[in-house]
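Peer 1: The chain contents come next:
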Amino acid sequence: MKTRTTRALQCSAPLVAAGLLLTACGSSGGSGSGEQAGSTSFEGRGPITYVAGKDASGVVQKVIDGWNKLHPTEKVTFVQLPTDADSQRQQMIQNAETKSDAYTVLSLDVVWTSEFAAHQWIERLPEQQFPLRNMLKPVVDTAKYRGGLYAVPASSDGGLLYYRTDLLKKAGITKPPTTWSEMTADCAKVKRLPEAKGMSCYAGQFQKYEGLTVNFAEAVDSAGGVVTDANGKPDVDTPQARQGLEFLAGAVKDGTIPREAVTYQEEDSRQAFQSGKVIFLRNWPYVYALAEKSKMAGKFTVAPLPGLNGPGSSSLGGHNLALSSFAKNRATALDFMRFFSSEDSASTFLKDASLAPPYAKLYDDASLVKQYPYLPDLKQSILHAVPRPRVVQYGDATSAIQQEAYAALTGSKSSTQALKDLQNDLQKYTAQ
Amino acid sequence: MADTTITPDTTAPDRGNAYGQSSAPLSPRRRTRARATAGSGRMAALLVSPTLLVLTIVVFYPTLMALRESLYGPKGLDPKTGFIRTTEPFVGLRNYADVFGAAGDRFWNAFGNTTFFTVVTVALETVIGVAMALIMHRAFRGRALVRAGILVPWAVPTAISALLWRWIFNSDGVANAILGHQILWTTEGFHAKVAVIVAEVWKTAPFIGLLVLAGLQVIPKEVYEAARIDGASALRQFWHITLPLVKPALLVAVLFRCLDALRMFDLPYILIGAQKNSVETLSMLAQNEASNVRFGPASAYAVLLFLYVLLMALAFVRLLGTDLVSDRDGRKASRSRHRRNPAARRAKEGRAA
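Just so you know, the protein sequences line up as chains G and L, in that order.
Just so you know, we're using full-length UniProt numbering here: the first sequence kicks off at 1 and counts up by one.
Just so you know, we're using full-length UniProt numbering here: the second sequence kicks off at 1 and counts up by one.
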C-alpha cells in the first residue's frame, strides 16, 4: 500500500508541475498594490526606459538616439514589447503590480488611460508643462481621467472611408457619400455597372475582437447616440444607438455588407477592398500606403466616415505617453516626454512611419499633405471622433460590447434586445 | 526537514527488494539496518534535498500562493477618489461558490467545451494515431519519408499551426474551396468547434502515432509468426496481439494527450479568437480573468482546472498501474513486488507466452 501511494505521487509530480504553470500565472499581486501613488514632485535625473510595442519602422529608436546624443548622462533605453496590444498591456500591468521601477515612460493605447490611472499605476502630470492647446481636443481628452491629465498624446488615429473613385465616376457620382443612405444609393448605382458584378457595398472590421468595439461605437456615435455619456455612465439603450446598430445588422442581412465580413479584421477587410470585393471600406490610415502599392493604385481615395444624418464620427486610436508611478528619475522622464511628444518628433513620426500626429498644424502642412493626401480628411475624422467608452474596467466593457454587437450582427439576437442586455452589462462594469 | 521524514519510508522497501529479501519479519531487522546505514540515509537526504528545494520553489510555493489568491476578491473602485482601492477583500470561498451562482454560466460553458474537446480530440487522435503507427511500422520503400511526413505537424509550434489553420479556415480559404460552400468557420457556432478539433487532431495524432510506434517495435516477431501458423487473420492478429501488447504505450500516450487537451489554450485562442463562447476553454477563461486584473477568480478557475487535471491524472495512474502489472490471477499482495522485480516479471511473462 505504501509503495503504491509513493508511486502515484512520483507519477503525478510532473503533472502537478504542468498543471501549476497555469495556476502560477494567476498568483501574482496578492498583497495590496499601489499605496498612495507618491507625491507629485518630479525629481531625480539619470537613465530611464521607454516602453512600447515593437517598433517596425525603426523610427522610435532614431528619435531616442537623437535624445541620447543631447543628454549623455540621462540616456533612454528603449524596451520593446510584443506587437499585439493585449500582451503589451499585460506586461505593463505585471510590472506595475510588482511595483518595479524597470519601466519609466509607458506608451499606452488611448483606451487604457482610465484603467491605468484608476489603479494609480501612472502618475498625474502637470498640465501647464505640455503644449496641449496646440493639439486636437479629442486627442487630448483621451489622456484625461476624471479631469486630471495622466498622459500626453504622442500619436493619434482615426477611421476613414476608402472608396472606389473609378467605379463611382463611371456611375456618374462626383462626391463621396456623407450619410449611410447616400452610400447605399451610390452602391445601387455602381452595382448596375458590369464592372461591379458580384461586389458588395461596404465592409469594416466585424470579427468578434477589439475592432468590432471600434466599429460598433462608430455606428452608434454616427447615428447620434452614445455608448457612455459625459459622466461615463453607459447609455446604449436608446433609439439613436438602435438606429446605429440596426444599420450594421440590417446591412449584413441584406448583403450591403458581405456575409463574410463578420470574420474580417483590419487586414482581411483591406484584402477584400484591394481585391475588388467591396466598393466602400472603413479602415485606418495605414491602408492608404499599402493600397497605393497594390493594383488598386489610382482607383481609390478617402473621405470622412458617413453617418445617419450627416458626416459620422470615428473612434479614436493612437498612443499616449504616461509616467509609471514606480519610476525613478522623474525629472528626466518629464523632459523626455516633452521631447518625445513635441511637434518636431510628431512630424518625424508622421514622415517616417505615417503615424497621425496630435498637433493640428501638421495636418495643414502643404508638403506633408503632398506626401499623405489623406491628412485633411483624417483631421476631420479625428475632430469628429469620439473616444471609445472611458471606463476603468475597459477589458470587461469591450468584451460585453463585442458579445452583444456580434450577436446582433450574426442575427442571433435582435438589435433592441442586444442593446438592452449591453446596457445591463455595462452598468455592472461602471457601477462598483 | 521534510526529506528526513520521507527517506526512511521510501528507501526501506526498495532496499528490501534489492537484496531479494522477504519483507515479512520487518520490525526487528529494520532497526539494525537503520543503524548500519545511517550515513547513507543522510547522504540520500543530502542528495535529494536540492530537488526538493527546487520543487518547493517552482511547484509548492506557486500552488499555495494560487490557493491563497483564490480566496480574495477583486479590488473595488472608490467612487469618491476615482481610484481603485489598494487592498483586495478577503472573500473566503466565494470565488468557488460563484461558479454555482448566477455568474457561473461562463465557467460551465468553458468546462463543457474543455471536456468536449478532450473527449472528442483524444478519441479521434487515438484511432488515427494507431493507424499512423501501423503504417510507419510497415517495411516499405520510402518509409523514412512517410515517417518524417507524419511527424511534421507535431514539430510545428501550436501557435504557428493555429495561424496556418486560420488561413485554411478563412472565408476565402482552402477549406471552403474544397467544400464548395462558404462556412464562416471563425464565427460563433458548432463549426468553430469543428475547426478546433480538426486542427488539434491534425497536430497531435502524430504524437500518439510516435509513442505507439515505439510500443510496436518491441513486440517480438515470433508472436506474429506463431499466430500466422495458427491461421489467425490480420484483424485477429491486430485485436489479440498488437493491441494488448501496445496497450501500455498507448495508455501513456492517451494520458499525456488528455492532460494536454484539458489545458488547451493557444489553438482556439489564435484559430478562432478570444471571447468566443463556442470554443472558450477553462485556461482561456482563467487567462481572461487575470488579464482583467481579477486575480482572485482567475486563481479559483485555475485551481479548479488543476483539480480536474489532477483527478484525470490519478484516474489514469491507477488504470496504468493495474495494467502495467497485468495481474490476471488477482494476487494483489505481491503486485508491487512484481513490478519492482524485473526478473520475476520476465519469468511470469515467459510463462504466459
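Be aware that a few hints might be false.
With a cut-off of at most 30 Å between alpha-carbon atoms, the simulated BS3-like pairs for lysine-lysine come out as follows [to be verified]:
id	chain 1	residue 1	chain 2	residue 2
1	G	K328	G	K75
2	G	K144	G	K175
3	L	K193	G	K233
4	G	K253	L	K193
5	G	K144	G	K62
6	G	K137	L	K80
7	G	K328	L	K193
8	G	K413	L	K80
9	G	K420	L	K80
10	L	K80	G	K277
11	G	K144	G	K277
12	G	K62	G	K189
13	G	K144	L	K80
14	G	K277	G	K370
15	G	K420	L	K247
16	L	K193	G	K99
17	G	K428	L	K80
18	G	K175	G	K351
19	G	K351	G	K62
These stretches of chain L come out as covered by chain G in the derived footprint (C-beta under 8 Å, 3 or more residues) [what the hints assert, rightly or not]:
id	stretch
20	140-149
21	193-207
One side of the interface only, derived from the structure: several residues of chain L facing chain G at Cβ under 7 Å [unchecked claim]:
id	residue
22	I84
23	I168
24	S171
25	H181
26	T186
27	T187
28	G273
For the record, the hints were derived by calculation from the structure and aren't laboratory data.
Positions of the beta carbon are idealized from the N, C-alpha and C atoms, including for glycine.
Peer 1: Hints first: check each against the structure and report whether it holds.
Peer 2: Right, here's what the structure says about each hint:
{"no.": "1", "hint": "K328(G) <-> K75(G)", "in the structure": "holds, 13 Å"}
{"no.": "2", "hint": "K144(G) <-> K175(G)", "in the structure": "violated, 37 Å"}
{"no.": "3", "hint": "K193(L) <-> K233(G)", "in the structure": "violated, 37 Å"}
{"no.": "4", "hint": "K253(G) <-> K193(L)", "in the structure": "holds, 24 Å"}
{"no.": "5", "hint": "K144(G) <-> K62(G)", "in the structure": "holds, 29 Å"}
{"no.": "6", "hint": "K137(G) <-> K80(L)", "in the structure": "holds, 27 Å"}
{"no.": "7", "hint": "K328(G) <-> K193(L)", "in the structure": "violated, 49 Å"}
{"no.": "8", "hint": "K413(G) <-> K80(L)", "in the structure": "violated, 37 Å"}
{"no.": "9", "hint": "K420(G) <-> K80(L)", "in the structure": "holds, 28 Å"}
{"no.": "10", "hint": "K80(L) <-> K277(G)", "in the structure": "violated, 52 Å"}
{"no.": "11", "hint": "K144(G) <-> K277(G)", "in the structure": "violated, 40 Å"}
{"no.": "12", "hint": "K62(G) <-> K189(G)", "in the structure": "violated, 49 Å"}
{"no.": "13", "hint": "K144(G) <-> K80(L)", "in the structure": "holds, 17 Å"}
{"no.": "14", "hint": "K277(G) <-> K370(G)", "in the structure": "holds, 29 Å"}
{"no.": "15", "hint": "K420(G) <-> K247(L)", "in the structure": "violated, 56 Å"}
{"no.": "16", "hint": "K193(L) <-> K99(G)", "in the structure": "violated, 40 Å"}
{"no.": "17", "hint": "K428(G) <-> K80(L)", "in the structure": "holds, 18 Å"}
{"no.": "18", "hint": "K175(G) <-> K351(G)", "in the structure": "holds, 29 Å"}
{"no.": "19", "hint": "K351(G) <-> K62(G)", "in the structure": "holds, 13 Å"}
{"no.": "20", "hint": "140-149", "in the structure": "violated (count 0)"}
{"no.": "21", "hint": "193-207", "in the structure": "violated (count 0)"}
{"no.": "22", "hint": "I84", "in the structure": "holds, 5 Å"}
{"no.": "23", "hint": "I168", "in the structure": "violated, 13 Å"}
{"no.": "24", "hint": "S171", "in the structure": "holds, 3 Å"}
{"no.": "25", "hint": "H181", "in the structure": "violated, 12 Å"}
{"no.": "26", "hint": "T186", "in the structure": "holds, 5 Å"}
{"no.": "27", "hint": "T187", "in the structure": "holds, 6 Å"}
{"no.": "28", "hint": "G273", "in the structure": "holds, 6 Å"}
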